[in-house]
Amino acid sequence: MGQLVVNGLALGSIYALVALGLLLIFNTVQIVNFAQGQLLMLGAFIGISCAVTHELPVAMAWAITMVAMALVGIVFMVLVYFPLRGRPAFLVILTTIAMGIVLENLALIVWGPLPVSLPSPVRGPPVHFAGVVVSMHQIFIFATLAVILLLQFFFLTKTRFGILMQATAQDLHTARLVGIPVNRTIAVAFAFGTVLSGIAGLLVAPIFLAEPTMGGSLGLKGFVVSVIGGFGNLPGAVIGGLFLGLIETFGARYISSNFRDAYAFIVMIAVLVAWPRGLFGEKSSEKV
Amino acid sequence: MQGSKWLFRTHVHDGQLAELIPEYLVKTLGKTKPGIMAVADDYGLGASKGIQAALAKLKVSPAAVASYAPSDKDMSAQLLEIKDKGADSLILFGRPADVTLVIKQMNDLGIKLTTIGNSSIVAQTTLNNLSAAEADGGYAIGGMIPQTSTDAKIMDWSKRVQDKYKVPADNFTVSYYDTVYLLKSIIEKVGCDKAAIRDALAAAKDWKGMLISYQADGQGDLAHTLGIYRNKGKTPELTGPIKESGY
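These protein sequences, in sequence, are chains Z and G.
Each residue of the first sequence is one higher than the one before, starting from 1 at the first, in the working numbering.
Each residue of the second sequence is one higher than the one before, starting from 289 at the first, in the working numbering.
Incorrect hints may appear among the rest.
[Said to hold, decoys possible] Per the computed footprint, the stretches of chain G lying under chain Z, defined by three or more beta-carbons under 8 Å from a beta-carbon of chain Z, are:
1) 361-372
2) 383-397
[Claimed, not checked] Okay, the calculated beta carbon distance ranges per label pair:
3) Asn105(Z) x Pro358(G): 49 to 59 Å
4) Ala130(Z) x Lys321(G): 24 to 34 Å
5) Asp376(G) x Leu79(Z): 52 to 62 Å
[What the hints assert, rightly or not] Residues of chain G clear of chain Z, computed beta-carbon distances all greater than 12 Å:
6) Asp302
7) Val314
8) Ala357
9) Ser437
10) Ala484
11) Arg486
12) His512
Derived by calculation from the structure, the hints in this document are not laboratory data.
Glycine included, C-beta positions come from ideal geometry on N, C-alpha and C.
Please model the entire structure based on the sequences and the hints provided.
Written as structure tokens, this is what we have:
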């Protein structure tokens, strides 16, 4: 039982990270980026190119990946968001889906179809506690999620730029009228949201391996988690992620492992029936 | 398509593995409470059914039967179920990517079970992503793989495959390569007439491929030699080839 809880929470932490990246962009520009999973995959492969192909230290591979992903986020914004700004939301959403397919195929060409493992930045024997085995990498996943949550909270509520981002999210046009550098704010949201996906990729690759098609399922789970938590609500996304990780793990153990992927959608439908705005829904959920 | 006189198979089939894996596990390795874990698609679930039937013939009941979706990444729940139900071994049937994850997660969870399965356990793609400690001791039964060969020609061929296609050569690569040259030799002999090619394939006898000899039977199967492998660290070792009786 304890082991299932640990494994479920570790899996849920990954979902939560994907959802956080998704929501950071959504909260700023009201666009659901369905390529978030493929950006995760890209982060994993950039890390692998650095740490495995070029044999750089894993910490350096992480640093390079984060910088690269920030740039990818900005390029993504320029290519996908800016040309379609002001157009119907479904056009932008369709374009993000198309970009996801493009990224997946590019990865296939560049890195090939075979799964590759990335070394974990932390090493050491697993911790044994009351019959439960917790790997160092799982502890690192929990710590990373906690640090990112704290940093994000601090950034959005205590820094001037974070407050500007929140203002832009609430009303883009008014924000522009009062002199907030809206484009720069949006660029930071895209960069940060993409970096979060990259970090999720770097955390996933040591345990689940990286392959070009890995992003589809993880990206979709990130979306489901966001809906469960209440679209737009960051703490809700984290709780939703952890909740889904536990549901999947316990469902696979005690109900059937055949329907593991289905649990996410069953839970999402059940939550939406009971709470149409999600568990911690905010007004922005109406715009989905 | 089975029974069609136009269909030929140049790789050992899963039905053979489903019989041989349980037999080797029970009779040679002495394990009597295996857990079964297979990928939940027509390939894995078909094999799982065959393995359960073969175990029943050996009067052995599996401790647990589990599966995972082809897209699954976390198999820890299934592994914990198999461990909790007291399995003394694991029969694992999947593709290299998911077999790698199962073996990694077994190691992470501290589950130590004798593991036997299809050739994915000794596939180079699997071994590339496992540490020596994780890979060590895994058994596989499947088509003959090139990694264990000490023949300079085969080693050179494997290297050229890797260099050209960026994918390690495995039992399937050997099979596809042999098939092309088998067809080439037949076409050179009988020409391009479809019926003549079919008849020549059906009459193939002791055609020497890279690692095995091909010989057609009444079912259109040409490959009848399998290998039993065991990983020593990250290096698969050939414990012995199995030849189907009658050949």
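Going down the list of hints, with the structure as the test:
Counting residues of the region 361-372 of chain G whose C-beta sits closer than 8 Å to any C-beta of chain Z gives 8, which meets the bar of three, so the coverage hint holds. Chain Z is given as covering the region 383-397 of chain G, and this holds because 8 residues of the stretch bring a CB closer than 8 Å to a CB of that chain, at least three being needed. Taking the beta carbon of each, Asn105(Z) and Pro358(G) are about 20 Å apart, not inside 49 to 59 Å as hinted. Judged by the Cβ atoms, the range 24 to 34 Å given for Ala130(Z) and Lys321(G) holds: they are separated by roughly 26 Å.
In this structure the hint that Asp376(G) and Leu79(Z) lie 52 to 62 Å apart at CB holds, the actual value being about 56 Å. At the 12 Å boundary, the C-beta of Asp302(G) stays outside the reach of chain Z, the nearest C-beta of that chain being 20 Å off. The Cβ of Val314(G) sits about 25 Å from the closest Cβ of chain Z, beyond the 12 Å cut-off, so the non-interface label holds. The claim that Ala357(G) lies off the interface is violated: its Cβ sits roughly 6 Å from the closest Cβ of chain Z, which falls inside the 12 Å cut-off.
Every CB of chain Z lies more than 12 Å from the CB of Ser437(G), the least distance being 22 Å, so the non-interface label holds. Its beta-carbon lying about 37 Å from the closest one in chain Z, Ala484(G) satisfies the requirement of being farther than 12 Å from that chain. The beta carbon of Arg486(G) is kept farther than 12 Å from every beta carbon of chain Z, the shortest such distance being approximately 33 Å. No Cβ of chain Z comes within 12 Å of the Cβ of His512(G); the nearest lies about 30 Å off, and the non-interface call holds.
In summary, the numbered hints that this structure violates are 3 and 8.
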